[in-house]
Amino acid sequence: MTQASTDSGQIKISSSWALEFEHAAGHAAERFLRALSDGVLLASPCPQCERVLCPPRDFCERCFVRTSDDWQEVGPSGVVEAFTVVHAAFEGYRKPPYGVAYVRPDGASTALGNFLEGLNLSDLDTIGDAIAIGSRATAVFTDSPQQTILDFHWEVDGDQEMTS
Amino acid sequence: MTSKPQRLSGIVGVGMTRFKTLLPASFWDLIQEASVQALNDARMEPGDIDAVVFAQAPDPLHGLGHPEYTAPDFLPMAGKLSLRVHTGGATGASAVQMGDWLIRSGRARRVLVVGAEKMGDNVRGAQEVLNKIWDPPYESALPLNTITMTALQACRYLHQTDTRIEELASIAVRLRGNGVRNSKAHLRKPLTHDEVFDSPVLAHPLRLSMVCPRSSGACAVVMSDAEGAPSDDVAWVRGIAARTNTYFMGDKMGDCGPNDHGRQYETQLAAEDAYRQAGITDPAKQVDVAEPYVPFVTQEPMTLESLGLCEPGESVRLSEKGMWDYNGKLPVSPSGGVLCTNPISVSGMLRIAEAAQQVRRKAGDHQVDRADVAIGAGQGGSIQFSVVSVLGTTSSLANA
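Protein chains in written order, with numbering that gives the first Met the number 0: chain A, 0 to 163; chain B, 0 to 399.
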């Protein structure tokens, strides 16, 4: 539905895209998302390059070989590979500040991203005391899973020095 | 006098509008303005064009569904070969690469490469569009967009090179200062060192001062085979190459080897290929000026190092010493670069067009002294697509 409007002499045509979709999660993602309900992180091993891929996928895109069906449980703890603290308000997301981290679960070759919780995010000058690349973190699973990636989040392990 | 290379394509005409968030012209007004400028600059008629490559990144960013369908009524496309190219932020550079392929394969003799952006027409939802880069089941529910993607990159680069974010202030000051010199740039106000860090944090460690604007505007280049190119007014495409990387940012962490999210491995591979084509063996010495793809200040060190313009971890120190200054030994982004002007669909083309204008000595208010060999590059996606081009004067070919 388009409309025309005039704003300080210029004619503008309004238009809007409001699209909604229901996507198939796909064979690999379904298996991974269902396992989250059991408090388990799964990864798919590539028989050729031997990388253990998390999140798991049916083909290793480096080798283009089918990954093994023998998926491995990885984590639930791992190493922080990258993180950020979001301060800008992005529409449709939770109120900032909040953390996002990519953590490599123990046993996996790659890192898995999710929200990062449990840190004092009010003072960015001291964030380095609470988390750094190399810190340990653990996946914390929800009590009411919905088979989405948000069924878990990362928390930095308790033995890190925390700011008050 | 070096004779014209029969096997290369050359950029013989450049057109670009000015760039701002909101422009009163319509998308098609802008496309035509840039195209007419480029054709006039090339001293060609629309009928001289054999093929049109249309550079257009995601439709939802400017809100016109499939503009390539409408394009034949606004461009000299009817009866000709035309193709749309889309590689995210690299789109404009990939489009130039297509022009090069068409000419070098002998399929076309004169190609018009053109695109426009009207991000300013978007009233709401731009980062939502960019969030859709990420995979529905695993990542699109996370707050991933170009800001957080870049913050995660910066986290790794700063850690691996033991650099503090404060040391990158000189990069923002330099790039914004270059924008002041360029009458067509979007951002033309200088930044002081203090203003860089007074600016609010968007996603740690990235501040608003380190981030590109959303720009509207258009760019066009006319490319020709050797016969149609005047040897004293051409930027030869001495080399152009592209590489694709994994979509999964987490795969560029952990056991990733050189393919790290805090580096730009695909850029390094594309650059090595482009240099090989161009006969460049020592880029730091043989390249006179560079227009790399840097929408976020934190990406400049990664990209200059991946382009082989300095050793890994050295770019920031060299920036502080003035190496990359407009009057420095190897000027980087004399136009102000993507940090000052980012019309996503054509930013990659603008880099190559700016490099071409330096080589043709038509960069006007931001011409650098030495510009026989120039680099223009484009990047896109979760950084998955990288295109690197090496342009040169006719006389530069004698040293190849």
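The set of hints was computed from the structure by calculation and includes no laboratory data.
Note that beta-carbon positions come from the ideal geometry of N, C-alpha and C, so glycine has one too.
Heads up, some of the hints might be wrong.
To be verified - Derived coverage of chain B by chain A (criterion: at least 3 residues anywhere in the stretch with Cβ under 8 Å from a Cβ of chain A; other residues may be distant):
{"id": "1", "region": "145–155"}
{"id": "2", "region": "251–261"}
{"id": "3", "region": "355–368"}
Hints and how they fare:
Evaluation of the coverage hint for the region 145–155 of chain B: fulfilled, as 7 residues show C-beta separations to chain A shorter than 8 Å, against a requirement of three. With 6 residues bearing a CB less than 8 Å from a CB of chain A, the region 251–261 of chain B meets the requirement of three and the coverage assertion stands. Counting residues of the region 355–368 of chain B whose beta carbon lies closer than 8 Å to any beta carbon of chain A gives 0, which falls below the threshold of three, so the coverage claim is violated.
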